[in-house]
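Engineer: Start from the sequences, fold in the hints, and give me the full structure.
Count along the sequence shown from 1, add 26, and you get the number used in the working numbering.
Quick caveat, the hints were computed from the structure, so don't treat them as lab data.
Fair warning: this is a prediction, and the values are worked out from it, not measured in the lab.
Among the clues, some could well be false.
Here are the in silico distance ranges between beta carbons for each label pair [claimed, not checked]: (1) 108 / 140: 18 to 26 Å; (2) 46 / 159: 17 to 25 Å; (3) 44 / 123: 25 to 33 Å; (4) 146 / 66: 22 to 30 Å; (5) 139 / 181: 22 to 30 Å; (6) 42 / 125: 31 to 39 Å; (7) 54 / 153: 26 to 34 Å; (8) 180 / 125: 29 to 37 Å.
By construction, the Cβ of each residue, glycine as well, lies at the ideal position given by its N, Cα and C atoms.
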Amino acid sequence: MATPQKVETSARLGSPIRRSEIIERAESWLRPSVPYHTTKFHHNEFGIYRTDCSGYVSMAWGLPARRGGLDTLGLASVSEPIERDELRAGDVLLRTEGSRLIRHVAVFHEWTGEDRTAYWGFEQSGGAGTVHRMVTYPYGGLEHYLPRRYLNVIQY
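Structural biologist: Shown next, in the form of structure tokens:
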């Protein structure tokens with residue numbers, strides 16, 4: 027029998043999605059870069075989502091666009107913790123600790139080198155909008171960013 031928590035989580039999930047689709051969706055906000063805002067929305071071929079970091083990841087993961095996507099705590103509820111060495115394209119580095127003003131999420135794309143001290147990531151950030159940039163692991167030397175994987179990503 028499904029528990030209320032499992033039913034609620036299942037309602038938040040989108041359709042299963044391939045990693046290549048997550049990256050394609052993340053790149054869509056770079057043409058042109060979408061300005062960051064916590065209360066505005068962006069509409070493209072993938073739907074209408076909030077233009078903050080969690081709205082951006084909601085769009086990239088193909089989550090239902092109700093209210094513009096999930097917040098960072100909601101993203102934690104539809105993902106699972108993974109180890110650093112398990113990071114693959116479409117996973118995220120997520121900070122749920124602290125107030126909503128310091129919570130943040132970035133999409134992992136790929137490692138910059140074999141030493142795995144930095145990666146290419148996509149994010150929606152204040153002052154810059156949508157960017158694809160090199161980030162020092164886990165997130166610019168800041169603590170509390172944990173690698174996570176979307177529950178409905180297709181593993182192969």
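Engineer: Per the hint of 25 to 33 Å, is the separation of the Cβ atoms of residue 44 and residue 123 within bounds?
Structural biologist: holds (30 Å)
Engineer: Confirm or reject the claim that residue 42 and residue 125 have a C-beta distance inside 31 to 39 Å.
Structural biologist: Because 33 Å falls inside the window, the suggested range holds.
Engineer: Okay, residue 146 versus residue 66 on CB: inside 22 to 30 Å?
Structural biologist: This hint holds: roughly 26 Å between Cβ atoms.
Engineer: Given a hint of 17 to 25 Å, does the C-beta separation of residue 46 and residue 159 actually sit inside it?
Structural biologist: holds (20 Å)
Engineer: Given a hint of 29 to 37 Å, does the C-beta separation of residue 180 and residue 125 actually sit inside it?
Structural biologist: Hint holds: Cβ distance 34 Å, inside 29 to 37 Å.
Engineer: So does residue 108 sit 18 to 26 Å from residue 140, Cβ to Cβ?
Structural biologist: holds (20 Å)
Engineer: Holds or violated: 22 to 30 Å for the Cβ distance of residue 139 and residue 181?
Structural biologist: At 25 Å between Cβs, range holds.
Engineer: Hint says 26 to 34 Å; check whether the CB-CB distance for residue 54 and residue 153 agrees.
Structural biologist: violated (21 Å)
This entry does not satisfy hint 7, going by the numbered hints stated previously; all others are met.
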